[in-house]
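Participant: Now for the letters of each chain:
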Amino acid sequence: MSEDKIEQEGPEEPSPLRLIGTLAVAGLASGIIIIAIYLATFETIKENKARELRESVFRVLPNVTKMQKLLLKEGKLVVSYEEEKGEEPIYAGYDDGGKFMGYAIPSDGPGFADTISVLYGYRPADRKVIGMWILASRETPGLGDKIYKDAKFVANFDDLAIEPPIVATKKGKSKPNEIDAITGATISSVAVVKIINKGNDYWVSKLPEPGNEPAYVEPVAPASPEAVDTQAP
Amino acid sequence: MAKEQHAYEEFMKGLWRENPVFVQVLGLCPLLAVTNSAINGLAMGLASFFVLLGSSILVSLLKNYIPKQVRISCFIIIIATFVTVVDYSLAAAMPVIHKELGAFIPLIVCNCLILGRMEAFASRNTLRMSIADAFGMGAGFLFALVALGGAREILGVGEFFGISLFGPNFDPWVIMILPPGGFITLGVMLLYFNWVEEKKNKLDARLAAEDGVN
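Protein sequence lines correspond, in order, to chains A and B. For the first sequence, the working numbering gives the first residue as 1, with consecutive numbering after it. For the second sequence, the working numbering gives the first residue as 234, with consecutive numbering after it.
Extracted from the complex, chain A is given alone in its bound form (with noise of 0.2 Å):
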């Protein structure tokens, strides 16, 4: 920094306090709008992530319509509302006479490519898994991709045997316990399977006696108008 360059540029060199300053206002008028947008779409994006868990449950269990989660305390399946830490809940799916139809079962394991996390339908009177449904997976575009995307592979577990454990055969299926896998895409075929055995395995044995599931409870009105009035400082 010599002194004709500074000269030159006109202004002097701005002291350490307007730097610190000028920084301090950058990040503060930042933080205010960050938190300003993170406030305004707050409830939308809630809105959003809840919809989509609605419309998978009611993919994989046919003609559910009302559902409610349920949470595993003290080996007991309880109705949950409330949003938990490391919470693992399974969904049970009702129809609209509040008849309970089946339950919706997230499980997860490695795929070809990064987690697939599955979301399948369970139906406990008959042992039955009644619908599958990818809610995250990163599998190869055009081929792997196909345990969403092809119809054909993903009605496979429409009426499903669980017992014994599910085999992916590629020489088509014959036995109720068995599905067709994916040509090109056996790895991500076989990785499904593998979820949802897992999934079996860890759930089946909690699940109360059929009959007795828990009943289907109306939730306390959270959406109405009164409800979030009185939420409102």
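If you're looking for bench data, these hints aren't it; they were derived computationally from the structure. From the three backbone atoms N, C-alpha and C, an ideal C-beta is built for every residue, glycine too. Accuracy of the hints is not assured; some may be wrong.
Here are the simulated lysine to aspartate or glutamate pairs, DMTMM-like style, with alpha carbons at most 25 Å apart [said to hold, decoys possible]: (1) Lys332(B) x Glu84(A); (2) Lys296(B) x Glu13(A); (3) Lys149(A) x Glu333(B); (4) Lys332(B) x Glu88(A); (5) Lys332(B) x Glu55(A); (6) Lys171(A) x Asp145(A).
What the simulated footprint calls covered on chain B by chain A, stretch by stretch (three residues with Cβ under 8 Å from a Cβ of chain A suffice, anywhere in the stretch; the number is not a length) [as the list claims (entries may be wrong)]: (7) 299-311; (8) 314-328.
A short, non-exhaustive set of chain A residues, derived as facing chain B with CB atoms under 10 Å [stated by the list, open to error]: (9) Glu13; (10) Leu19; (11) Leu23; (12) Gly27; (13) Ile37; (14) Arg51; (15) Gly142; (16) Ala215.
Please arrange chain B on chain A, whose structure you already have, making use of the hints.
Facilitator: Leaving out everything else, chain B in the frame of chain A:
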């Protein structure tokens, strides 16, 4: 200096003559990562466009108040704020697209194209010129993303914006929507731009030579 330039010239410069992708070869990370379909390219292009335009306006307005010693930090704070706004807005308004683009929306912060325009243009020019420049560069980047995404989607899936083009008998070139397809498509497009440039230079040289003769 800025007043002599025409705003339209600045716009066209970004869109074509100095296209950020095809000529300056900037911002390739998001370009290669998200362009496996035209709609993803469009969404990424619009998000970057908005960030570039907003940051350019703010940097151009504040250029006299930002000491040059901390200018890069200030630019990054401004850009990051706009990116966060885009990230949350997209998550709220278009959750499906937001999920597809994933981590690449927050990564717009480190798109060298945007910081580059702040440093090279918006912090040295008038508001009007900065807006023209941002429009041009943003549109140029958007054009490149949609062109690349469109070409890869057409060849790799046989669709354009999700509309089937060739009927059920088309056997898609899966490679095109895989990472190598991105490099191949980009390579072909860069080849074309360089070829056009070379032809133009040759023409200019010939015209100059003829002028010399006459």
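Participant: Evaluate each hint against the coordinates.
Facilitator: Hint check:
1. Lys332(B) x Glu84(A): holds (23 Å)
2. Lys296(B) x Glu13(A): Distance ~16 Å between Lys296(B) and Glu13(A) Cα, so the pair holds.
3. Lys149(A) x Glu333(B): holds (15 Å)
4. Lys332(B) x Glu88(A): holds (22 Å)
5. Lys332(B) x Glu55(A): holds (16 Å)
6. Lys171(A) x Asp145(A): holds (21 Å)
7. 299-311: Since 8 is at least three, the answer is holds.
8. 314-328: holds (count 9)
9. Glu13: Constraint on Glu13(A) satisfied, holds at 8 Å.
10. Leu19: holds (5 Å)
11. Leu23: holds (6 Å)
12. Gly27: Because about 6 Å separates Gly27(A) from the closest Cβ in chain B, which is inside the 10 Å limit, the hint holds.
13. Ile37: holds (5 Å)
14. Arg51: holds (9 Å)
15. Gly142: Since the shortest Cβ distance to chain B is 4 Å, the answer is holds.
16. Ala215: Result: violated, 32 Å to nearest chain B Cβ.
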